[in-house]
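A.B. asks: Chains Y and D are the protein sequences, given in the same order. According to our numbering, the first sequence is numbered sequentially starting from 133. According to our numbering, the second sequence is numbered sequentially starting from 133.
Since the hints were made in silico from the structure, they are not lab data. Worth double-checking, as some hints may not be accurate.
You can't tell identical chains apart in this list, so a pair holds if it fits in one copy or across any two.
Claimed, not checked - Calculated lysine-lysine pairs in the DSSO-like style (CA-CA distance at most 27 Å, straight line):
#, residue 1, residue 2
1, Lys-272, Lys-332
2, Lys-631, Lys-593
3, Lys-333, Lys-146
4, Lys-333, Lys-306
5, Lys-332, Lys-306
6, Lys-150, Lys-593
7, Lys-146, Lys-382
8, Lys-272, Lys-368
9, Lys-163, Lys-652
10, Lys-593, Lys-277
11, Lys-368, Lys-163
12, Lys-631, Lys-183
13, Lys-332, Lys-146
14, Lys-306, Lys-146
There are 2 protein chains.
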Amino acid sequence: MPSTTETPVFTQYKAFEKLQKLAASPLDLTKTGVLNPERVRCMVAESAGYKMLYATERVTPEVVEALQELADEAGALSWMQRMQNGEVINYIDGYDSERRQVLHTAIRDFYDNPNTSPAAQEATAKEKKELERVKAFIDKIDIEKSFTDIIFIAIGGSELGPKANYLALEHLLKPGRHVHFIGNIDPDEAARVLDALDLKKSLVVVVSKTGSTLETNTNEALVRDRFEQAGLRPDKHFVVVTGEGSPIDKPGRYLERFHLWDWIGGRFSASSAIGGLLFSFALGYPIFEEFLRGAHAMDQAALSSDLQENLPLLGALIGIWNRNFLDIQTLAVVPYSSALWRYAAHIQQVDMESNGKRVDRQGRAVTFDTGPIVWGEPGNNAQHSFYQLIHQGSNPVALEMIGFRDSQYGQDLEVHGTTSQEKLLANLLAQSIALATGQPNENPNKTFPGNRPSHILLAEKLTPHTLGALFSYYEMKVAFQGFIWNINSFDQEGVMLGKVLANRVIERFVERRHPNTGAKSFPLGDAYLYHLEQF
Amino acid sequence: MPSTTETPVFTQYKAFEKLQKLAASPLDLTKTGVLNPERVRCMVAESAGYKMLYATERVTPEVVEALQELADEAGALSWMQRMQNGEVINYIDGYDSERRQVLHTAIRDFYDNPNTSPAAQEATAKEKKELERVKAFIDKIDIEKSFTDIIFIAIGGSELGPKANYLALEHLLKPGRHVHFIGNIDPDEAARVLDALDLKKSLVVVVSKTGSTLETNTNEALVRDRFEQAGLRPDKHFVVVTGEGSPIDKPGRYLERFHLWDWIGGRFSASSAIGGLLFSFALGYPIFEEFLRGAHAMDQAALSSDLQENLPLLGALIGIWNRNFLDIQTLAVVPYSSALWRYAAHIQQVDMESNGKRVDRQGRAVTFDTGPIVWGEPGNNAQHSFYQLIHQGSNPVALEMIGFRDSQYGQDLEVHGTTSQEKLLANLLAQSIALATGQPNENPNKTFPGNRPSHILLAEKLTPHTLGALFSYYEMKVAFQGFIWNINSFDQEGVMLGKVLANRVIERFVERRHPNTGAKSFPLGDAYLYHLEQF
Numbered sequence: 133m134p135s136t137t138e139t140p141v142f143t144q145y146k147a148f149e150k151l152q153k154l155a156a157s158p159l160d161l162t163k164t165g166v167l168n169p170e171r172v173r174c175m176v177a178e179s180a181g182y183k184m185l186y187a188t189e190r191v192t193p194e195v196v197e198a199l200q201e202l203a204d205e206a207g208a209l210s211w212m213q214r215m216q217n218g219e220v221i222n223y224i225d226g227y228d229s230e231r232r233q234v235l236h237t238a239i240r241d242f243y244d245n246p247n248t249s250p251a252a253q254e255a256t257a258k259e260k261k262e263l264e265r266v267k268a269f270i271d272k273i274d275i276e277k278s279f280t281d282i283i284f285i286a287i288g289g290s291e292l293g294p295k296a297n298y299l300a301l302e303h304l305l306k307p308g309r310h311v312h313f314i315g316n317i318d319p320d321e322a323a324r325v326l327d328a329l330d331l332k333k334s335l336v337v338v339v340s341k342t343g344s345t346l347e348t349n350t351n352e353a354l355v356r357d358r359f360e361q362a363g364l365r366p367d368k369h370f371v372v373v374t375g376e377g378s379p380i381d382k383p384g385r386y387l388e389r390f391h392l393w394d395w396i397g398g399r400f401s402a403s404s405a406i407g408g409l410l411f412s413f414a415l416g417y418p419i420f421e422e423f424l425r426g427a428h429a430m431d432q433a434a435l436s437s438d439l440q441e442n443l444p445l446l447g448a449l450i451g452i453w454n455r456n457f458l459d460i461q462t463l464a465v466v467p468y469s470s471a472l473w474r475y476a477a478h479i480q481q482v483d484m485e486s487n488g489k490r491v492d493r494q495g496r497a498v499t500f501d502t503g504p505i506v507w508g509e510p511g512n513n514a515q516h517s518f519y520q521l522i523h524q525g526s527n528p529v530a531l532e533m534i535g536f537r538d539s540q541y542g543q544d545l546e547v548h549g550t551t552s553q554e555k556l557l558a559n560l561l562a563q564s565i566a567l568a569t570g571q572p573n574e575n576p577n578k579t580f581p582g583n584r585p586s587h588i589l590l591a592e593k594l595t596p597h598t599l600g601a602l603f604s605y606y607e608m609k610v611a612f613q614g615f616i617w618n619i620n621s622f623d624q625e626g627v628m629l630g631k632v633l634a635n636r637v638i639e640r641f642v643e644r645r646h647p648n649t650g651a652k653s654f655p656l657g658d659a660y661l662y663h664l665e666q667f
Numbered sequence: 133m134p135s136t137t138e139t140p141v142f143t144q145y146k147a148f149e150k151l152q153k154l155a156a157s158p159l160d161l162t163k164t165g166v167l168n169p170e171r172v173r174c175m176v177a178e179s180a181g182y183k184m185l186y187a188t189e190r191v192t193p194e195v196v197e198a199l200q201e202l203a204d205e206a207g208a209l210s211w212m213q214r215m216q217n218g219e220v221i222n223y224i225d226g227y228d229s230e231r232r233q234v235l236h237t238a239i240r241d242f243y244d245n246p247n248t249s250p251a252a253q254e255a256t257a258k259e260k261k262e263l264e265r266v267k268a269f270i271d272k273i274d275i276e277k278s279f280t281d282i283i284f285i286a287i288g289g290s291e292l293g294p295k296a297n298y299l300a301l302e303h304l305l306k307p308g309r310h311v312h313f314i315g316n317i318d319p320d321e322a323a324r325v326l327d328a329l330d331l332k333k334s335l336v337v338v339v340s341k342t343g344s345t346l347e348t349n350t351n352e353a354l355v356r357d358r359f360e361q362a363g364l365r366p367d368k369h370f371v372v373v374t375g376e377g378s379p380i381d382k383p384g385r386y387l388e389r390f391h392l393w394d395w396i397g398g399r400f401s402a403s404s405a406i407g408g409l410l411f412s413f414a415l416g417y418p419i420f421e422e423f424l425r426g427a428h429a430m431d432q433a434a435l436s437s438d439l440q441e442n443l444p445l446l447g448a449l450i451g452i453w454n455r456n457f458l459d460i461q462t463l464a465v466v467p468y469s470s471a472l473w474r475y476a477a478h479i480q481q482v483d484m485e486s487n488g489k490r491v492d493r494q495g496r497a498v499t500f501d502t503g504p505i506v507w508g509e510p511g512n513n514a515q516h517s518f519y520q521l522i523h524q525g526s527n528p529v530a531l532e533m534i535g536f537r538d539s540q541y542g543q544d545l546e547v548h549g550t551t552s553q554e555k556l557l558a559n560l561l562a563q564s565i566a567l568a569t570g571q572p573n574e575n576p577n578k579t580f581p582g583n584r585p586s587h588i589l590l591a592e593k594l595t596p597h598t599l600g601a602l603f604s605y606y607e608m609k610v611a612f613q614g615f616i617w618n619i620n621s622f623d624q625e626g627v628m629l630g631k632v633l634a635n636r637v638i639e640r641f642v643e644r645r646h647p648n649t650g651a652k653s654f655p656l657g658d659a660y661l662y663h664l665e666q667f
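Just chain Y, same shape as in the assembly (with noise of 0.2 Å):
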């Protein structure tokens, strides 16, 4: 390990200062001319079947130029290398921390190119026998017929990203399978699923790395007790995905367990077996194995030392000038893609769990701004929400467009010379232009201040391979980012106190219920009580 000393801080490179400077007078785009079409026509990288439209960025070749130097001296490339590689990168230098390896490349490392370290070799040898398992899983149900609908009990990591992906392409859901998805510990979310099920053909999936997961293990309980209560024997009906030995990995509790590698972190997860069963089940397993793939080409891209062939490292980058330089607290994720409803929640998950840090590598308290507040709803219903406020409101928000040439159906109609696809393209690219360039008016509350910077993300179709890569593009960009910050992506200690408080206040909850069990005091969770005795 490098000692602290030595160790790099993200405010001392070279390139910071450079960035700081062109940052005093950044592009403006609402100058006549600025926003070309010739500009439009250049400003343009490509990766995994997506081109990344940047024009309406407020950079310059100076900035893009300043922004892979600051890429190169953070060793962005070699810290994705070693990554990849299975070196151990899930640390804080001298602390107690979790030092594991971060090897959610090496689960989908089955096509070209493959990684040739034994760490990366060994962890795909071990995830290929787990995705075999599952496919002989549901090959087996799809033959016996044994389910229709799956029950997938999971929260956090484990939920967002298979739920988001899964929606993403519902279109391809096979006939006559249904999905339903547990994941807050209120009991209404269980009994709005159940209330609808006919319990005798449903599979259950629970998924939990550490299997103590408060929220997931009381949800298994309570839909264990429903299947119990109908006369059906929950062995037979449910599975289990959670690390090897933990506390909920028991045989003959199961009808099959599968695994997770503590090299696996929740957020990092549903390309693992936890997306490989939801999406076997529900789609077919070459869906999954086509996922799999888009994801592995973005991977790769990642590893290109041409910026504009590595869009992970480029939307990075895009999203430290935006934060660190222009000042800029939120990204909004806009899908002009209804299919991508839930992504922006996922991403959400992704970006603000791995970057919302307070110290570096090396423990030290960071003196700059880490991860955004990430957020979004797809367009073109963010139109006619959100988009007064960036439009005009006070503080700018950096966007993140989404957009595909195709729809999925296919099923469209030419009104008025034009298809809804078309009429939704437009409207993404019209507004990339008209937050760039704004419009002065006389009217001072008609006037349009413009520089609200965006980019987009632009693919033919959303198809499973495009998802893929699309998918993979945030989980490679988000460990980017954390590279030039210097800080660990891979835990988040963040979330300790309230579980603990929590768990505080339920015995509080247990002790009213069952008085005289010995809870410890917590006077200040006993006020809150008072309230809700006092309705």
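Dock chain D against the given chain Y, drawing on the hints supplied.
C.D. replies: Only chain D this time, still in chain Y's reference frame:
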């Protein structure tokens, strides 16, 4: 109209200066003993079935007093009274603007303490007739059993509120009834809905106040085409809710027409005939009435001069404290209720479209921050997603959490001594404490800085009545903030430029599809189309 020189400026109120001084050293919630049981017990306000617990905001009695002074100086209550009385308050002084009344409170003023101003009474009478027509229309369907499914075609304010409200009460869905939404112009959204439906038994509700909403008009055409292809007559299946005399207010074209008034903004229209139709078809008219009753109760609370009984005003003031004095850019709305899973998207629209503004009522560019960026997801899910950043990230986020003592379904299970509902509440309360107090640790990566402000809206149970009150809470809160900032919360000029440019790009698509139709040139748009053609 008052002349420009005499009109108020937010930053020139005496209370503004006082608050700025107080904000120089805001209350430190991390200090031992500051957040104590007494503070939690005392800092509570109540309206219309909700308690607001705000001990975990960084406010002292002096701050609350100064905020009250700010509201007084701005005449917040008098503005609210004028709004509810039906005065013309949707205007910008000295410039072309809508110049309308803002009377969404009148369309539920059917119960106690009716407003006595003639303008409001006229509005209430008008809406009453419309709702009677809604009821009669649905009664007939109930008797004839003519429809099982409702397809709701609307976007933005016409969709988000009705949808979020409906989903919040989905447990009350009538047996055999199904609800579908088509909002996005993306043709895949319509395809996904229509592919799964029996059109013969489907009622289509088309909502557009102006009658010229591109997305809604296009989706109506698309769905009409599908009905015609299926050999069904749209005039026997389609109803419309629109402004009187709008381009789609055509007799003969619809089974029935219902009207909106120009004094109901789109984002404030969910308690009009729009919501009435949806609620009555899906849940029954009495449920809608209860919802209106709840909304009316909170409308009344918004007129109270006692801050402890006026939750919307208190919420508005706390929001202004966090936004303008503690410099927090974003507000996360986190309902600890699975049923409110789309509520943040609705509030996001109501708030950001209303208050994401750059000029005040006199058309002067503001020199302070107006409406915050609003985002959120339900808890506990959010704890496993973005809470990492909220606890340890660079920028503080203000939190509004919502919780209920009881679940909706009442289906729960005691596991380890507590029910799921209790575990949910324990998490809600614990997070509020954890965010406020933080926690030191020898390991800097496990240190929680605290002082993250939050408050909790708490009610007994999410019923039609409490949902109505919650719904009104946000409408009233947003209006109060606009009154205090002296901005016009009721227009949305910021969405126009995007629409204009989208039409120009649409023309280019038309030209591509039908050359030589004389479309205006738009080289910037063509440069984007070039990228689409390169796949």
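A.B. asks: It remains to establish, for every hint, whether it holds in the given structure.
C.D. replies: Results of checking the hints against the structure:
| no. | hint | in the structure |
| --- | --- | --- |
| 1 | Lys-272 - Lys-332 | within (17 Å within a copy, 38 Å between copies) |
| 2 | Lys-631 - Lys-593 | between (41 Å within a copy, 25 Å between copies) |
| 3 | Lys-333 - Lys-146 | neither (62 Å within a copy, 68 Å between copies) |
| 4 | Lys-333 - Lys-306 | both (15 Å within a copy, 25 Å between copies) |
| 5 | Lys-332 - Lys-306 | both (19 Å within a copy, 25 Å between copies) |
| 6 | Lys-150 - Lys-593 | neither (39 Å within a copy, 56 Å between copies) |
| 7 | Lys-146 - Lys-382 | neither (54 Å within a copy, 67 Å between copies) |
| 8 | Lys-272 - Lys-368 | within (14 Å within a copy, 47 Å between copies) |
| 9 | Lys-163 - Lys-652 | between (65 Å within a copy, 22 Å between copies) |
| 10 | Lys-593 - Lys-277 | neither (32 Å within a copy, 41 Å between copies) |
| 11 | Lys-368 - Lys-163 | neither (67 Å within a copy, 53 Å between copies) |
| 12 | Lys-631 - Lys-183 | between (41 Å within a copy, 25 Å between copies) |
| 13 | Lys-332 - Lys-146 | neither (64 Å within a copy, 68 Å between copies) |
| 14 | Lys-306 - Lys-146 | neither (55 Å within a copy, 65 Å between copies) |
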